[in-house]
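Here the protein sequences come in this chain order: A and B. In terms of our numbering, the first sequence opens at residue 1 and continues consecutively. In terms of our numbering, the second sequence opens at residue 1001 and continues consecutively.
Simulated from the structure, these hints should not be mistaken for lab results. Where a beta carbon is used, it is the ideal one built from N, C-alpha and C, also for glycine. Any given hint could be a false lead.
[Stated by the list, open to error] If you want the footprint, here are the derived chain A segments under chain B, 3+ residues with CB under 8 Å: (1) 343 to 349; (2) 400 to 409; (3) 440 to 451.
[Stated by the list, open to error] Here are the simulated EDC-like pairs of lysine to aspartate or glutamate, each with C-alpha atoms no more than 20 Å apart in a straight line: (4) A:K241 to A:D280; (5) A:K339 to B:E1086; (6) A:K382 to A:E371; (7) B:K1147 to B:D1137; (8) B:K1035 to A:E336; (9) A:K339 to B:D1137; (10) A:K85 to A:E106; (11) A:K390 to A:E410; (12) A:K289 to A:E175; (13) A:K289 to A:E410; (14) A:K203 to A:E151; (15) B:K1037 to A:E336.
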Amino acid sequence: MAKVYFKRVLLSSKNLKNEILIAFGLILIALLVFLGYLFPGVSSLFQTKTGLPFVAIIALFIAVIGFLIILHIVEPIIRICNEAKLIADGNFEREIEMAREDEIGELGVALNQMTRRIRDNVEELQKFSKRTESINAEINRRVVILASLVEISNLIAQNAELELILKASVDKCLELGNMVLSCLVLKNLTTGDFKVHLVSGPKAKLLVEQGLMNLSIKLGKGVIGKTILKQNAMVIDQNTKSNDEMDEFKNLLSVKNAILAPVTSKGNVFGLLMAGNEEDNYECSSTEKEVIYLISKQIAIAVNNDLLTREIEKLEVTDHLTGLFNNTFTRKRLNEEIKRSASLQKPCSFVLFAIDRFDEFTKNFGHIAAENMLLKVATIFKERITTSDKAARFGDHEFALLLPGRNKRESIMVAEEIRKAIEKNFTKEEDDRRRLTCTGAITENPIDGVTADELILRSSVILSEAMQQGGNRIIF
Amino acid sequence: MKPYKKATNKHLGELLVERGVIDNEQVGMALAYQKEKGMLFGEVLVELKFATEEDIAQALTAQYGFPYLPLANYEIDQEVINAVPEHVCRQFCLIPIDKIGKSLSLAMADPLNVHAAEDVELITGCTVQTFVGTASDIREAIDKYYKKK
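Input sequences plus hints: build the corresponding full structure.
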């Protein structure tokens, strides 16, 4: 407030025009005072009647000229000022018209140049911002795609079920290029036939009802059969020349465009991944093609992984914990031993053991104690059999013995010895809940059956009967 | 359950060599053949024509005192047949022929197969009296009697 008041007292103003007027007035007064003092004769002129109007006219004339000059200086500045305000408000379309060659004219030209430059810059900035936006959108899209691929990789790394990985992969294809259908063809590894394995998308249900799953696919025939054999992805879009096979394919999946990628690994063909949409004038981008190809590669890895896991399971013959033979191996081996014994007119016995009250033991002492106990039992088995016999961990708490060439009388002796050894091993335990025993059930080929399955089943039946009767015995 | 009382571990090959039916070279060949084909030693000798079934039966009879029983003229009671399951007979190449009280007469191609005799005693609960029969006679009899069931 004080500052405003002070400005008023000083006769200063925000208005340039007023300021100049006041300045001019003050100079004029000072000049008159000075002249009156210097030439008193002149001042006497004012006292004459004739001199007064003359002087007044001259003074007025001079004042008007002075005022006009000032106006001429000040007016354009005010105009420039107003224009500048409008420009400052963001109206860059305005141009200041200033047909003058003095400093004010130059100021106007400079201001116009500045405005133009700003306008150009703003336009350029807008263009940049639009480009940045589209780049951001593209980055976002790629991040989503990358996330999808990472998600599939994670599933593979976590050793998820194959079906889960396949479902996730097929669903991810739909997130791409407005795809409405994705479909996976897989090879049946036992028959070698290619069949539609999974279909996803809004139209999937209808296509399944139309019998897509039973589609017979012949290698090297039709679009699907041909692409399976290729090692590269294939695109059907507006740039693809149409032919009968293409039309047949499009009708089959009821799509207009499609990306097909064979599922292959190290030259082995596992199947084909397809994704399609219904857009007119669709042009497949290289990114879309590449992503479908990458997903197909991920599927190949998952299928290969699954295959190898199953191979390993088949190849594994021993139990991880005890080092004894595992169930799968024992079943296979028992069949072989039976055949061999039969050809030599010899018997072959199978003994199935179970630890009595094992669940109770685990509940009381925990899994680690139970595993330690199983290890001790396994050691007893290993120590008490001959080289021609085989000991196996047959189930969670079940053990088995293969005794080729031995009949029941001999098998009973072996089994009794093991039962007693186990009983003895645990009698020293202070806690009577730790004093474990076992029950064994003996079956023999040919008395109890001619195949491994028959012997195993019979053993299980009589074993559970014996355990219900208290266990710690050998039954045959 | 007592161990089979007529148990002996003498190999059929040795027995036939002692009796001069075959020589050691033939034993070696027969063993090699047996290893390949997984057949019974007696069967191998017959297959290779080193000995006849009768030669083998007679050798067993002479050595161990198992009486030889020509099955062709023998009629077996169905009740006796029912005492031993077919697959046991086929696997061990034997056939029950008679049962008197707790004594079961058994014709075996290999009367030295202690396991088999023990198993039959276990199944039937009878004491086994062993007779020697030729493998082909016994198989024929199995086909004939077990078909009836």
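Okay, the hints, checked on the actual structure:
1. 343 to 349: holds (count 5)
2. 400 to 409: Result for this restraint: holds, n = 5.
3. 440 to 451: As far as the segment 440 to 451 of chain A goes, the hint holds, because 5 residues have Cβ atoms under 8 Å from chain B.
4. A:K241 to A:D280: Satisfied, since the Cα-Cα distance of roughly 15 Å is no more than 20 Å.
5. A:K339 to B:E1086: With Cα atoms ~17 Å apart, K339 of chain A and E1086 of chain B stay inside 20 Å; holds.
6. A:K382 to A:E371: Cα-Cα ~16 Å, so holds.
7. B:K1147 to B:D1137: Given that 20 Å is the threshold and the Cα spacing comes to 15 Å, the pair holds.
8. B:K1035 to A:E336: holds (15 Å)
9. A:K339 to B:D1137: Between K339 of chain A and D1137 of chain B the Cα gap is close to 23 Å, so the pair fails against 20 Å, i.e. violated.
10. A:K85 to A:E106: holds (18 Å)
11. A:K390 to A:E410: It holds: about 15 Å lies between the C-alpha atoms, which stays within 20 Å.
12. A:K289 to A:E175: Since the Cα atoms of K289 of chain A and E175 of chain A sit roughly 13 Å apart, the hinted pair holds (cutoff 20 Å).
13. A:K289 to A:E410: violated (69 Å)
14. A:K203 to A:E151: Violated. K203 of chain A to E151 of chain A sits at ~25 Å, over the 20 Å cutoff.
15. B:K1037 to A:E336: Holds, at about 15 Å.
Going through the hint list in order, the structure does not satisfy hints 9, 13 and 14.
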